[in-house]
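A.B. asks: Chains as they are written, first to last, in my numbering: chain A, 1 to 215; chain B, 1001 to 1083.
Among the hints, erroneous ones may be present.
[Said to hold, decoys possible] List time: in silico SDA-like cross-link candidates among lysine to any residue, alpha-carbon distance up to 20 Å:
hint, chain 1, residue 1, chain 2, residue 2
1, A, Lys199, A, Ser100
2, B, Lys1038, A, Ser132
3, A, Lys199, B, Arg1010
4, A, Lys199, B, Glu1014
5, B, Lys1080, A, Gly16
6, A, Lys199, B, Glu1047
7, A, Lys199, B, Glu1054
8, A, Lys59, B, Lys1080
9, A, Lys59, A, Ala2
10, B, Lys1080, A, Arg7
11, A, Lys199, B, Leu1059
12, B, Lys1069, A, Met37
13, B, Lys1069, A, Asp48
14, B, Lys1038, A, Ala129
15, A, Lys59, B, Trp1079
16, B, Lys1080, A, Val25
17, A, Lys59, B, Glu1081
18, B, Lys1038, A, Asn123
19, B, Lys1080, A, Gly63
20, B, Lys1069, A, Leu58
21, A, Lys199, B, Ile1053
22, A, Lys59, B, Arg1083
23, B, Lys1080, A, Asp62
24, A, Lys199, B, Asp1021
25, B, Lys1069, A, Gln51
26, A, Lys199, B, Leu1046
27, A, Lys199, B, Tyr1019
28, B, Lys1069, A, Arg43
29, A, Lys199, B, Ala1051
30, B, Lys1038, A, Arg113
31, B, Lys1080, A, Leu55
32, B, Lys1038, A, Pro120
33, B, Lys1069, A, Ala20
34, A, Lys199, B, Ser1044
35, B, Lys1069, A, Leu55
36, B, Lys1038, A, Glu134
Quick caveat, the hints were computed from the structure, so don't treat them as lab data.
Residue strings, one per chain:
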Amino acid sequence: VASSEDRVLVEALRAGDERAFMMLVERYGPAMLRLAMMYVSTRAVAEDVVQEAWLGVLKGLDGFQGRSSLRTWIFRILVNTAKTRGQRESRTVPFSSLWSPDTEAEPAVDADRFRPAGDPSPNHWIEGAPASWEGVPEERLLAGETLDRVREAIDALPPNQREVIRLRDVLGWTPAEVREALDITETNQRVLLHRARSKVRHALESYLGEGTAPA
Amino acid sequence: VSTSEDMACRELVELITDYLDGELPEHDRVRLEDHLAKCDGCASYLEQMRATIELTGVLTEDQIPAEGKRELLGVFRTWKEQR
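Just chain B, with the same shape it has in the complex:
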């Protein structure tokens, strides 16, 4: 990790998640954005990371089996009767 103000690409890739969550301390956020403005590789990296998050968001969860659903409906009905 560089000791100078300039951020190295190798440092940026480790800070990207904090950056995207808005959790990076102000000083580092400024360094990161300064670096992005002049580094095509890192700008692409950020863009790829955003696309990755978006694509992951397109995935759907598995379905639960019909039998499991029936059992849970039974749990619900029993609870309803007893309350």
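For reference, chain A alone in the conformation it holds in the complex:
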């Protein structure tokens, strides 16, 4: 549902406020471009899709009822525009599979970190269980280098996992917003997020664990 900020923004846009428009462009432009690139073949076409989507947003302003948040509404226009454009290109992969998680299992944590079947406590941590990061100094945890690891881990994800974790955890969207904006199921949204977060956590654990031998 639209927030009061959303309503103020929509009013400003309707009144022709350029600054309100450019603020939205800066806020959502990068994510819109990346998403568009999932549906079309080149960056140039994706840039075109983003422009067309913004025009669609402006033309649709009078019809915005506030039943969804402004950003969800904007992204739904973007996704629809991208799909239409993508359909004109010869595609081999149907859009329906774009947001389906890979059917191959991707355990959150490597199997060899758990005790095997037949052990008195099967499937429990073997030595080297995750250790608290409480001892990691704040300045190391928040250092540019640590954030670089997070960024690298996200960049290395399959595109569908990457976009879902960016919407959820970088931009802070709710599960419902992501589901609506991308037109995906609740399950797919959660599985993609789960796999993405698990990998980022793993990358951080490896990095922060370096040089701090377990007690």
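On the provided structure of chain A, position chain B as indicated by the hints.
C.D. replies: Same frame as chain A, now just chain B:
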């Protein structure tokens, strides 16, 4: 996956996202929290996952190039004139 009431660590790590979203069925939520209370490794795992989400939230999006911004401003002005 264990058939008993006790949750295994290996099951917990797969349920953590549902748990954090408040989407875990009540029965599993209780099992998960019982397990957390007695397993340091899993308590740390949850703490790490929360820190991971927090650190990801510190990242910023890329900037859009100035040229793209100019073009979009043009789109806006044209729309404004025509309405």
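A.B. asks: None of the hints should be skipped; say for each whether it holds.
C.D. replies: Hints and how they fare:
1. Straight-line distance between C-alpha atoms of lysine 199/A and serine 100/A comes to about 18 Å, which keeps the hinted pair within the 20 Å bound.
2. Proposed proximity of lysine 1038/B and serine 132/A is supported: the alpha carbons are some 15 Å apart, at most 20 Å.
3. Only pairs whose Cα atoms come within 20 Å are accepted, and lysine 199/A paired with arginine 1010/B is accepted, the gap being roughly 15 Å.
4. Of the pairs offered as hints, the one joining lysine 199/A and glutamate 1014/B holds, with about 12 Å between alpha carbons and a cut-off of 20 Å not exceeded.
5. At most 20 Å may separate the alpha-carbon atoms for a hinted pair to count; lysine 1080/B and glycine 16/A meet this at roughly 6 Å.
6. Proximity of lysine 199/A to glutamate 1047/B is assessed by CA-CA distance (about 15 Å); at most 20 Å being required, the pair is judged to hold.
7. Between the alpha carbons of lysine 199/A and glutamate 1054/B the distance comes to roughly 15 Å, so the proposed pair stays at or under 20 Å and holds.
8. Of the supplied pair hints, the one linking lysine 59/A and lysine 1080/B holds, its CA atoms being roughly 10 Å apart against a limit of 20 Å.
9. A distance of roughly 18 Å separates the Cα atoms of lysine 59/A and alanine 2/A; the hinted pair therefore holds under the 20 Å criterion.
10. Note on lysine 1080/B and arginine 7/A: the hinted pairing holds, with a Cα-Cα distance of about 19 Å set against a maximum of 20 Å.
11. The straight-line distance between the Cα atoms of lysine 199/A and leucine 1059/B is roughly 16 Å, inside the 20 Å bound, and the hint therefore holds.
12. At roughly 18 Å between alpha-carbon atoms, lysine 1069/B and methionine 37/A fall within 20 Å of each other, so this suggested pair holds.
13. Simply put, lysine 1069/B and aspartate 48/A have alpha-carbon atoms about 13 Å apart, close enough for the 20 Å limit, and the pair holds.
14. Of the supplied pair hints, the one linking lysine 1038/B and alanine 129/A holds, its CA atoms being roughly 14 Å apart against a limit of 20 Å.
15. Proximity of lysine 59/A to tryptophan 1079/B is assessed by CA-CA distance (about 8 Å); at most 20 Å being required, the pair is judged to hold.
16. Taken as a hint, the lysine 1080/B and valine 25/A pair is honoured in the structure, with Cα atoms around 16 Å apart against an allowance of 20 Å.
17. Restraint check for lysine 59/A and glutamate 1081/B: the C-alpha separation of about 12 Å stays at or below 20 Å, so the hint holds.
18. With a C-alpha separation of about 15 Å, the suggested pair lysine 1038/B and asparagine 123/A falls inside the 20 Å cut-off, and the hint holds.
19. For the given pair, lysine 1080/B sits about 16 Å from glycine 63/A by alpha-carbon distance, which is consistent with the 20 Å threshold.
20. A C-alpha spacing of about 16 Å is found between lysine 1069/B and leucine 58/A, which places the hinted pair at or below 20 Å, so the restraint holds.
21. Of the pairs offered as hints, the one joining lysine 199/A and isoleucine 1053/B holds, with about 12 Å between alpha carbons and a cut-off of 20 Å not exceeded.
22. With a C-alpha separation of about 9 Å, the suggested pair lysine 59/A and arginine 1083/B falls inside the 20 Å cut-off, and the hint holds.
23. The hinted pair formed by lysine 1080/B and aspartate 62/A meets the criterion: a straight-line CA distance of about 13 Å does not exceed 20 Å.
24. Among the hinted pairs, lysine 199/A with aspartate 1021/B is consistent with the structure: their alpha-carbon atoms are about 18 Å apart, no more than 20 Å.
25. About 10 Å separates the Cα atoms of lysine 1069/B and glutamine 51/A, which keeps this hinted pair within 20 Å; it holds.
26. Only pairs whose Cα atoms come within 20 Å are accepted, and lysine 199/A paired with leucine 1046/B is accepted, the gap being roughly 14 Å.
27. Restraint check: the Cα-Cα separation between lysine 199/A and tyrosine 1019/B comes to about 17 Å, which is no more than 20 Å; the hinted pair holds.
28. Note on lysine 1069/B and arginine 43/A: the hinted pairing holds, with a Cα-Cα distance of about 16 Å set against a maximum of 20 Å.
29. Using a Cα cut-off of 20 Å, the hinted pair lysine 199/A and alanine 1051/B holds, with the two alpha carbons roughly 13 Å apart.
30. For the hint linking lysine 1038/B to arginine 113/A, the alpha-carbon distance of about 19 Å falls within 20 Å, and the restraint holds.
31. Between lysine 1080/B and leucine 55/A, the direct Cα distance comes to roughly 11 Å. Compliance with the 20 Å bound is thereby established for this hinted pair.
32. This hinted pair checks out: lysine 1038/B and proline 120/A have alpha carbons roughly 17 Å apart, not beyond 20 Å.
33. Taken as a hint, the lysine 1069/B and alanine 20/A pair is honoured in the structure, with Cα atoms around 13 Å apart against an allowance of 20 Å.
34. Between lysine 199/A and serine 1044/B, the direct Cα distance comes to roughly 16 Å. Compliance with the 20 Å bound is thereby established for this hinted pair.
35. For the hint linking lysine 1069/B to leucine 55/A, the alpha-carbon distance of about 14 Å falls within 20 Å, and the restraint holds.
36. At most 20 Å may separate the alpha-carbon atoms for a hinted pair to count; lysine 1038/B and glutamate 134/A meet this at roughly 19 Å.
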